[in-house]
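Peer 1: Each chain, letter by letter, is given below.
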Amino acid sequence: METILEIKNLKTHFFTKAGLIKAVDDISFKIKKGEIVGLVGESGSGKSITGFSIIGLIDAPGRIVSGSINFKNEPLLNASSNRMQSLRGNRLAMIFQDPMMTLNPVLRIDTQMIETIKAHDKNISNQEAFRRCRDTLGLVGISSPEERMKAYPHQFSGGMRQRVCIAIAMLNKPDLIIADEPTTALDVTIQGQVIYEMQELCKKTGTALLWITHDLAVVAGIASKICVMYAGRIVEQGSVDDIINKPMHPYTIGLIKSVPSQNKRGEPLHQIEGMVPSMLELPIGCAFHDRCTETIEKCKIEKPIETNQSDSRVIRCFNFKDIRK
Amino acid sequence: MLNTDSNSKNINVFMYKFWSDFSESKVAVISLLILIAIVLIAIFAPLISPSDPYDLSKVSIMDSRLPPMAKNFAGDIFILGTDGAGRDMLSAIFYGLRVSLGVGVMSAIFALIIGTIFGISAAFFGGKYETFIMRIVDIQLSFPSILMALIILAAFGKGIEKTIIALVLVQWAYYARTARAAALVERSKEYVEAAQCLALGNKKIMFNHILPNCMPSLIVVGTLQTAHAISLEATLSFLGLGLPITEPSLGLLIGNGFQYMHTGDFWISIFPGVALLITIVSINLVGDQLRDMYNPRLKK
Amino acid sequence: MTAFILRRSTQSIIVLFIMSLLVFSGVNLVGDPVEMLINPEADQAEVERVIKELGLDKPITEQYWYFLMNAFKGDLGTSFIFGEPALKLIVQRMPATIELALFSLFISLIFAIPLGIYAGLKPESKISKTIMAGSILGFSMPTFWVGILFIMFFAVYLGWLPSTGRGEIGSFLGVKSSLFTLDGLSHIFLPALNLALFKLSSVIRLTRAGTREIIHQDYIKFARAKGVAESRVINVHLLKNILIPIVTIIGLEFGSLIAFSTVTETVFAWPGMGKLIIDSIYNLDRPVIVAYLMIIVIFFVFLNLLVDILYTLLDPRVRIQGSN
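Chains as they are written, first to last, in our numbering: chain A, 393 to 717; chain B, 7 to 306; chain C, 944 to 1267.
None of these hints come from the bench; they were simulated from the model.
Note that the structure is predicted; figures quoted are calculated from it, not measured.
There could be a bad hint or two in this list.
Beta-carbon label-pair distances, calculated as ranges [unchecked claim]: (1) C:Phe-960 <-> A:Gln-585: 57 to 65 Å; (2) B:Pro-52 <-> C:Ile-1112: 52 to 60 Å; (3) C:Ala-1212 <-> B:Pro-52: 32 to 40 Å; (4) B:Met-221 <-> A:Gly-658: 55 to 63 Å; (5) A:Leu-661 <-> C:Arg-951: 52 to 60 Å; (6) C:Arg-1260 <-> A:Gly-613: 34 to 42 Å; (7) C:Thr-1004 <-> B:Glu-167: 23 to 31 Å; (8) C:Ile-957 <-> B:Ile-67: 35 to 43 Å; (9) A:Pro-669 <-> C:Leu-1248: 16 to 24 Å; (10) B:Pro-56 <-> C:Phe-960: 55 to 63 Å; (11) C:Ser-1068 <-> A:Glu-466: 41 to 49 Å; (12) B:Gly-165 <-> C:Ile-1112: 52 to 60 Å; (13) B:Ile-36 <-> C:Leu-1249: 50 to 58 Å.
Listed next, the in silico BS3-like pairs over lysine-lysine satisfying Cα-Cα at most 30 Å (straight line) [stated by the list, open to error]: (14) A:Lys-638 <-> A:Lys-692; (15) C:Lys-1119 <-> A:Lys-510; (16) B:Lys-164 <-> C:Lys-1065; (17) C:Lys-1069 <-> A:Lys-510; (18) A:Lys-695 <-> A:Lys-514; (19) C:Lys-1065 <-> A:Lys-692; (20) A:Lys-403 <-> C:Lys-1119; (21) A:Lys-649 <-> A:Lys-510; (22) C:Lys-1164 <-> A:Lys-565; (23) A:Lys-409 <-> B:Lys-164; (24) C:Lys-1072 <-> A:Lys-422; (25) A:Lys-514 <-> C:Lys-1164; (26) A:Lys-565 <-> A:Lys-638; (27) C:Lys-1069 <-> A:Lys-514; (28) B:Lys-32 <-> C:Lys-1164; (29) C:Lys-1031 <-> C:Lys-1164; (30) B:Lys-32 <-> C:Lys-1069; (31) A:Lys-409 <-> C:Lys-1119; (32) C:Lys-1119 <-> C:Lys-1031; (33) C:Lys-1164 <-> A:Lys-595; (34) C:Lys-1072 <-> A:Lys-596; (35) A:Lys-542 <-> C:Lys-1183; (36) C:Lys-1031 <-> A:Lys-409; (37) C:Lys-1164 <-> A:Lys-424; (38) A:Lys-649 <-> A:Lys-596; (39) C:Lys-1065 <-> A:Lys-565; (40) B:Lys-23 <-> C:Lys-1164.
Ideal Cβ positions, reconstructed from N, Cα and C, are used throughout, including at glycine.
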């Protein structure tokens, strides 16, 4: 299967007045055509920054420092801004977290949708563009799309707004959609719907999806591959089956155990001890070592490197328990 | 209750922090120094002026309209030239600074006191009283200051006291609005409730507790408004409506010199104008820095 | 919406009444125009005749009542100096002032908005810092002094532009204005620039602050993520959001321009309402003063009302109630 996105050793650092923040520090993974990949991590783990790095919207004082991002075999990092602009919203789309803030409050929905089409196809007629927008709105489950399009964002509910954003992402039939916590700001009941709809959409259109979230449960349902991030690095990645049922990295194991549904009723909820370190003061050695149950001496001094356990399984740890043995 | 030792230490810490924040902007520091120089000139004008421009016995029409650095028959040198009546421009400017600064600062202080009293009491007592006061403030603020000043001076006539009154009446509304906004924030804080529980008198609460916390925003507004008052007074005097000719401010000097412009005797208007400009700009720059320092939204 | 307009209109009328009372009593209770107008050598009979003629012998409340009644009829008194109805004098000079104010507004917006947006997008660049420094200067310099500088530099020294008066009046689509002739433009340019300078600074600062705030919003980033060209991001997404606070300011700015025109008109001898009022205050021409103040107050109250309505129209969030 064709590889749509290949990231190798990506490092995105922020040079702030308070100090250097290595938000993304050497991550590598691949996404194949039509694949749904989950990027899971706590706040501050660098997952959103990964998304923005791919689409090329890192603001100062941040900068991609090294590594490579290949989109359909085209390197993105040194691409001209014109090239990036022609890819964004076209072959490579992004959905943001908070739909309330993502749509411009003073522009109508149809304006904001049609401009996405016209930015990449100057010759299309207004009616044709309007029709495409209307059809895509129907696709994401918005009823009476023609009237809805004349409305302003504040007239929609949160779930509807997010659906509009998803529709906007799908307008030009992209190869890859990066979804940055798309359901976090929504009500739980709507969440389920939107997750399901996105899954169906991607199946139907063959669009690859990178689902960035802190909620393992959400992504376990639809992804085929999961990457777990901690403090700017991917600590474990593998097929969803492997990660959920046979986790090997101590952090992943802790994460899985922490999901409430894993508990029996009445049992105390599992927690990973300690707190996520501040990105300004990362410990020497493995960033997780002071919270880890399997720490050995080496962990305190050296940073673990990635080791391939099989074709799809990669672990960054010195002392993981290989459950398969 | 607080012992004076820790009080004075607090003040020292405060002054230190204030200065280190303020001096982050070199421009503001330079402006402050210039401002201090101007204030000193204004205070000591009689001592440092080459001559007293309002001593009629010393001023001679024969010396009129001499260009800068010219000498008259007696060998007196006029560094900035003389005006239409023969007065030395440099001295006239020093004395003029005195009047301009004096009127501006005095009106600002009075406006500050009146505005603060109304603003804080409005926030504290609330209800119909607050609505009434703030409605007046809003209406007054919707009219440009120059219009208000014109109306008042048209009604009451010229003169130094009337000009100050006019300036105060124009400005109090800015202070009232700022004081009320700051006081509203303070009022909802816990220490006010605590003080009320202790049954401290209302006046005491307002002035000993709320007022000190409103001071930062009031100082910022005060600085910028002083510049505004000086500019407004200059405009009114220029138009012939403000101060009388016996107490000429820089505005009046500029006004008097205006007629000589077309014949090319520019110095009679321009030099007082430059002095006015430097004064206003330095006050504004200092005020700007103060405002940035106390603006919570800019804290990163 | 209609309830809102009604409420604000009623408030405006109340304000008008109060202001008329203040203006009338203020002007009439202080100062003695009798001394001003009557020849000091006139005998008592002459003095009494004039007093009766001008209605100054009646009690002040009666004078106010007559004043109001006449005002409704459109008669705001007769000028002591010119002998003509005060209202007529003002209306004659109004076009000149409005022309000046409009042109100034135009100049200040055309320059201030792009400069402010630039300063907001690139706050650290040298050009931006120069713009901001310039705006403090523009803000600090009293209008009259800038006017003097302009005259000195452009008229006396360089001789490029005339220093006083209004130019030829031309006509376009039935509107008469000195903007439509070259001579007219050369006369209006300096005073308009002078008037505009102060406003320029405040609009630049407002635009810059707004730009800095808006450019970091999520919807700007999202627009970029859609591949929308940067020029459109600025000219549509940013601009439309920034215009809301600016347009509300424009209303107040225009009023302030009319007020400050008193100064500019005096400096440049521009034959507008502003010069009339200054001269009238000098000459204690009470009817003209009162008439001018009343007209200005009406104008301002109306302007404020208009701005309030405009604001609700522009911001769709205020205009259309959400479906939630």
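Peer 1: Hint by hint, note whether the structure agrees.
Peer 2: Hints, one by one, checked against the model:
1. At roughly 60 Å, the beta carbons of C:Phe-960 and A:Gln-585 sit within the given window of 57 to 65 Å.
2. Range check, B:Pro-52 to C:Ile-1112: about 53 Å between beta-carbon atoms, so the 52 to 60 Å window is met.
3. At roughly 38 Å, the beta-carbon separation of C:Ala-1212 and B:Pro-52 lies within the given 32 to 40 Å, and the hint holds.
4. At roughly 57 Å, the beta-carbon separation of B:Met-221 and A:Gly-658 lies within the given 55 to 63 Å, and the hint holds.
5. Between A:Leu-661 and C:Arg-951 the CB atoms are about 57 Å apart, so this pair conforms to the stated range of 52 to 60 Å.
6. Taking the beta carbon of each, C:Arg-1260 and A:Gly-613 are about 36 Å apart, inside 34 to 42 Å as hinted.
7. Against the hinted window of 23 to 31 Å, the Cβ-Cβ separation of C:Thr-1004 and B:Glu-167 comes to about 29 Å, which satisfies the hint.
8. For C:Ile-957 paired with B:Ile-67, a C-beta distance near 57 Å fails the hint of 35 to 43 Å.
9. With their beta carbons about 58 Å apart, A:Pro-669 and C:Leu-1248 fall outside the hinted range of 16 to 24 Å.
10. A hinted range of 55 to 63 Å holds for the C-beta pair B:Pro-56 and C:Phe-960, which are about 56 Å apart.
11. C:Ser-1068 and A:Glu-466 have their C-beta atoms about 33 Å apart, which leaves the hinted 41 to 49 Å range violated.
12. For the pair B:Gly-165 and C:Ile-1112, the supplied restraint of 52 to 60 Å is violated, since their beta-carbon distance comes to about 41 Å.
13. For B:Ile-36 paired with C:Leu-1249, a C-beta distance near 44 Å fails the hint of 50 to 58 Å.
14. The hinted pair formed by A:Lys-638 and A:Lys-692 meets the criterion: a straight-line CA distance of about 26 Å does not exceed 30 Å.
15. Proximity of C:Lys-1119 to A:Lys-510 is assessed by CA-CA distance (about 44 Å); at most 30 Å being required, the pair is judged violated.
16. Distance hint between B:Lys-164 and C:Lys-1065 is unfulfilled; the C-alpha atoms sit about 48 Å from each other, more than 30 Å.
17. As the CA atoms of C:Lys-1069 and A:Lys-510 are separated by approximately 36 Å, the hinted pair breaks the 30 Å bound.
18. Between the alpha carbons of A:Lys-695 and A:Lys-514 the distance comes to roughly 50 Å, so the proposed pair goes past 30 Å and is violated.
19. With a C-alpha separation of about 44 Å, the suggested pairing of C:Lys-1065 with A:Lys-692 is violated against the 30 Å cut-off.
20. For the suggested pair A:Lys-403 and C:Lys-1119, the alpha carbons sit about 67 Å apart, so the restraint of at most 30 Å is broken.
21. Taken as a hint, the A:Lys-649 and A:Lys-510 pair is broken in the structure, with Cα atoms around 48 Å apart against an allowance of 30 Å.
22. Between C:Lys-1164 and A:Lys-565 the alpha-carbon distance is near 20 Å, which keeps this suggested pair within the 30 Å criterion.
23. Simply put, A:Lys-409 and B:Lys-164 have alpha-carbon atoms about 56 Å apart, too far for the 30 Å limit, and the pair is violated.
24. Our distance criterion of 30 Å between C-alpha atoms is broken by C:Lys-1072 and A:Lys-422, whose separation comes to about 45 Å.
25. Annotation: proposed proximity of A:Lys-514 to C:Lys-1164 holds, straight-line Cα distance about 22 Å (limit 30 Å).
26. A hinted pair counts as satisfied when its Cα atoms are at most 30 Å apart, and A:Lys-565 with A:Lys-638 does not qualify at roughly 35 Å.
27. Between C:Lys-1069 and A:Lys-514 the CA atoms are separated by roughly 36 Å; this puts the pair beyond 30 Å, and the hint is violated.
28. Taking the CA atoms of B:Lys-32 and C:Lys-1164, the gap is near 35 Å; set against the 30 Å cutoff, the hint is violated.
29. Straight-line distance between C-alpha atoms of C:Lys-1031 and C:Lys-1164 comes to about 57 Å, which puts the hinted pair past the 30 Å bound.
30. The suggested pairing of B:Lys-32 with C:Lys-1069 holds, with an alpha-carbon distance near 16 Å, which does not exceed 30 Å.
31. Among the hinted pairs, A:Lys-409 with C:Lys-1119 is inconsistent with the structure: their alpha-carbon atoms are about 60 Å apart, more than 30 Å.
32. For the proposed pair C:Lys-1119 and C:Lys-1031, the alpha carbon gap of about 18 Å is at most 30 Å, so the pair holds.
33. Distance check on the hinted pair: C:Lys-1164 and A:Lys-595 sit about 28 Å apart at the alpha-carbon level, within 30 Å; holds.
34. Between the alpha carbons of C:Lys-1072 and A:Lys-596 the distance comes to roughly 53 Å, so the proposed pair goes past 30 Å and is violated.
35. This hinted pair checks out: A:Lys-542 and C:Lys-1183 have alpha carbons roughly 17 Å apart, not beyond 30 Å.
36. Proximity of C:Lys-1031 to A:Lys-409 is assessed by CA-CA distance (about 65 Å); at most 30 Å being required, the pair is judged violated.
37. Only pairs whose Cα atoms come within 30 Å are accepted, and C:Lys-1164 paired with A:Lys-424 is accepted, the gap being roughly 27 Å.
38. Between the alpha carbons of A:Lys-649 and A:Lys-596 the distance comes to roughly 34 Å, so the proposed pair goes past 30 Å and is violated.
39. A hinted pair counts as satisfied when its Cα atoms are at most 30 Å apart, and C:Lys-1065 with A:Lys-565 does not qualify at roughly 35 Å.
40. Between B:Lys-23 and C:Lys-1164, the direct Cα distance comes to roughly 38 Å. Violation of the 30 Å bound is thereby established for this hinted pair.
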